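> Residue strings, one per chain:
Protein chains: 2
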Amino acid sequence: MKYMADRKESLGEFELIQRYFSKQSVSSVSLAQGDDCAILDIPSDQSLVFSIDTIVEGRHFPSSLKPEHVATRALGSALSDLAAMGAKPDHFTLALTLPAIDEVWIKSFSESLYEFASRFNISLVGGDTTKGPLAVTLQVHGLVPKNEALLRSGAEAGDGIYLSAPTGDAKAGLELLLKGWTEGSDDEENLVNRFLSPTPRVELAQQLRAKANACIDISDGLISDIEHMARASGLMASINLESIPLSLPLSRLFPEQALGFALQGGDDYELAFALPRSAGSLAEKFGLNQIGTFEAAEGESTIKLLERGKVVAHQQFEGFQHFGK
Amino acid sequence: MKYMADRKESLGEFELIQRYFSKQSVSSVSLAQGDDCAILDIPSDQSLVFSIDTIVEGRHFPSSLKPEHVATRALGSALSDLAAMGAKPDHFTLALTLPAIDEVWIKSFSESLYEFASRFNISLVGGDTTKGPLAVTLQVHGLVPKNEALLRSGAEAGDGIYLSAPTGDAKAGLELLLKGWTEGSDDEENLVNRFLSPTPRVELAQQLRAKANACIDISDGLISDIEHMARASGLMASINLESIPLSLPLSRLFPEQALGFALQGGDDYELAFALPRSAGSLAEKFGLNQIGTFEAAEGESTIKLLERGKVVAHQQFEGFQHFGK
Numbered sequence: 003m004k005y006m007a008d009r010k011e012s013l014g015e016f017e018l019i020q021r022y023f024s025k026q027s028v029s030s031v032s033l034a035q036g037d038d039c040a041i042l043d044i045p046s047d048q049s050l051v052f053s054i055d056t057i058v059e060g061r062h063f064p065s066s067l068k069p070e071h072v073a074t075r076a077l078g079s080a081l082s083d084l085a086a087m088g089a090k091p092d093h094f095t096l097a098l099t100l101p102a103i104d105e106v107w108i109k110s111f112s113e114s115l116y117e118f119a120s121r122f123n124i125s126l127v128g129g130d131t132t133k134g135p136l137a138v139t140l141q142v143h144g145l146v147p148k149n150e151a152l153l154r155s156g157a158e159a160g161d162g163i164y165l166s167a168p169t170g171d172a173k174a175g176l177e178l179l180l181k182g183w184t185e186g187s188d189d190e191e192n193l194v195n196r197f198l199s200p201t202p203r204v205e206l207a208q209q210l211r212a213k214a215n216a217c218i219d220i221s222d223g224l225i226s227d228i229e230h231m232a233r234a235s236g237l238m239a240s241i242n243l244e245s246i247p248l249s250l251p252l253s254r255l256f257p258e259q260a261l262g263f264a265l266q267g268g269d270d271y272e273l274a275f276a277l278p279r280s281a282g283s284l285a286e287k288f289g290l291n292q293i294g295t296f297e298a299a300e301g302e303s304t305i306k307l308l309e310r311g312k313v314v315a316h317q318q319f320e321g322f323q324h325f326g327k
Numbered sequence: 003m004k005y006m007a008d009r010k011e012s013l014g015e016f017e018l019i020q021r022y023f024s025k026q027s028v029s030s031v032s033l034a035q036g037d038d039c040a041i042l043d044i045p046s047d048q049s050l051v052f053s054i055d056t057i058v059e060g061r062h063f064p065s066s067l068k069p070e071h072v073a074t075r076a077l078g079s080a081l082s083d084l085a086a087m088g089a090k091p092d093h094f095t096l097a098l099t100l101p102a103i104d105e106v107w108i109k110s111f112s113e114s115l116y117e118f119a120s121r122f123n124i125s126l127v128g129g130d131t132t133k134g135p136l137a138v139t140l141q142v143h144g145l146v147p148k149n150e151a152l153l154r155s156g157a158e159a160g161d162g163i164y165l166s167a168p169t170g171d172a173k174a175g176l177e178l179l180l181k182g183w184t185e186g187s188d189d190e191e192n193l194v195n196r197f198l199s200p201t202p203r204v205e206l207a208q209q210l211r212a213k214a215n216a217c218i219d220i221s222d223g224l225i226s227d228i229e230h231m232a233r234a235s236g237l238m239a240s241i242n243l244e245s246i247p248l249s250l251p252l253s254r255l256f257p258e259q260a261l262g263f264a265l266q267g268g269d270d271y272e273l274a275f276a277l278p279r280s281a282g283s284l285a286e287k288f289g290l291n292q293i294g295t296f297e298a299a300e301g302e303s304t305i306k307l308l309e310r311g312k313v314v315a316h317q318q319f320e321g322f323q324h325f326g327k
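Top line first, the protein sequences correspond to chains A and B.
Quick note on the working numbering: the first sequence kicks off at 3 and runs consecutively.
Quick note on the working numbering: the second sequence kicks off at 3 and runs consecutively.
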């Protein structure tokens, strides 16, 4: 892409950037670098699973966010999409748009990105850097044995609805950050870190593949995402509010708002999934929280909230929609 | 990604966008849509080849560019990367960042994108839309028989250097656009269209796969990109200036600048490639232009420009570098 690219400026820029993004990649697949494209050989018993996402400064993260956390939020949330499919992370591409070449920023960003990537055994295999308002687009690729990917649509009536961990913490952490939080108690730090550095449930996802009937990751909020799964499966999700797990830091610091954050907070990147009764031992092994049950749909309703067995809300929810996925 | 996403606004926005990007995809691979990821089964005799690129308003295209041309420039240049590898386009993802929901803009953009995609048999299989300064990131995926991808690095001493078509037109077209061109002679329109709607040489690339030793697409300028190929192959490119083809519109409208545009213009998305002497019939069949020869490297030099057999320039060029590819 040449238009407006000042050749001299570009040379310095891109040599600099290249230095920070040229670490050796270790991938289960063969790859050619330095060419116009990456090349990938996929084992014949595996399917490739992929997802693309952009985060924009001021829209998906506050402008004050440190580069290391821009990296962990971008890659953490992207890997969560792979986890939702039961896929094993393999490699990813990065399209990075930067307003200016700030070597300190790029160094922190790239170090954090590589460190986070190495924790999940995923390699950076290609990319593009452009000048413009700060935005990070990642496309993550994972592998899954053929015909074994977890979908949103496989839940069956009678399946338990489970959560990988309590939700709502990230929303609470964001609230703290937006109020100018920089340091504080351990509880506060726990919550803030849940926003800054989400933990994609990659390992659990591998276990779920053979057991769960359906799975989704919680990016838009627990209710909203479970409703997606219910609708895709043609069922109604019946959720018991008293079963919604709340973390101790959340309950202690936001006692009034905790349940609301847990139900509608978003940015959690936990997994919600449907387990048949026969998979009870898995739930026990991982200490998973059952929060409800999938039932046959009642008319148009796809979700029902119960408190001590009584319906407190019974409506269709409309979530935050991405096109094409 | 939930932060700052106003739920009500998002609903309207994303339903609208979904409408324009939900056409049925026809791909050689199996794909699940509506889930967190797309799923892809790749024929066991094929490699997957992919490339990610971002274009940003004001940086890679003028702000006045119509949405239909933003689409053709983004996809045309991306497909050119696949052509450079000898790959057959298969599917792509789109990460679109828009400052506001402008239905007229989105309609034109999506119609143009689908029309251009259908010409090259490539399907849109997933994406993300975000709010922010206008930018388009595409990741294109193609298939190539295993171990048959064209690389930059395979040229051999004695190979002819060929071009798929004259270069420099896109640069001339851009010059016209930057001077405010809206309509004019056929010559002018030809040049402008070469900038607005590049023609990736996808069909030629399939033919080249079995014949060419190395290939690259010209995005940064003929000299710069041939120098990349020479360096990757450990050779020196010897270019005969009098063999550089110039289009009639370019020669007529920019007689003084034509050669400079052809050598350094960029945005051409033609292919430059190395053909061994034995492949002469292919060159004849496609009417290809031989512009030089690869020779053993002389010290640090990777390129040599000749005019009537005399060296007029002999230096290392540094091109516009993308990291990681």
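Treat each hint with caution, since some may be false.
Said to hold, decoys possible - When the alpha-carbon atoms are kept at most 30 Å apart in a straight line, the in silico DSSO-like pairs for lysine-lysine are as follows:
(1) B:148 / A:148
(2) A:133 / B:109
(3) B:133 / A:68
(4) B:68 / B:181
(5) A:133 / B:181
(6) A:306 / A:148
(7) A:213 / A:68
(8) B:109 / B:133
(9) B:133 / A:133
(10) B:287 / B:306
(11) A:133 / A:213
(12) A:133 / A:68
(13) A:68 / A:181
(14) A:181 / B:287
(15) B:148 / B:68
(16) B:148 / B:109
(17) B:213 / B:133
(18) B:148 / B:213
(19) A:109 / A:133
(20) A:109 / A:213
(21) B:133 / A:109
(22) B:148 / A:133
The set of hints was computed from the structure by calculation and includes no laboratory data.
It should be emphasised that the depicted structure is a prediction, and the values quoted were computed from it without experimental measurement.
> Checking against the hints above, which ones are violated?
6, 7, 11, 14, 15, 16, 17, 20, 22
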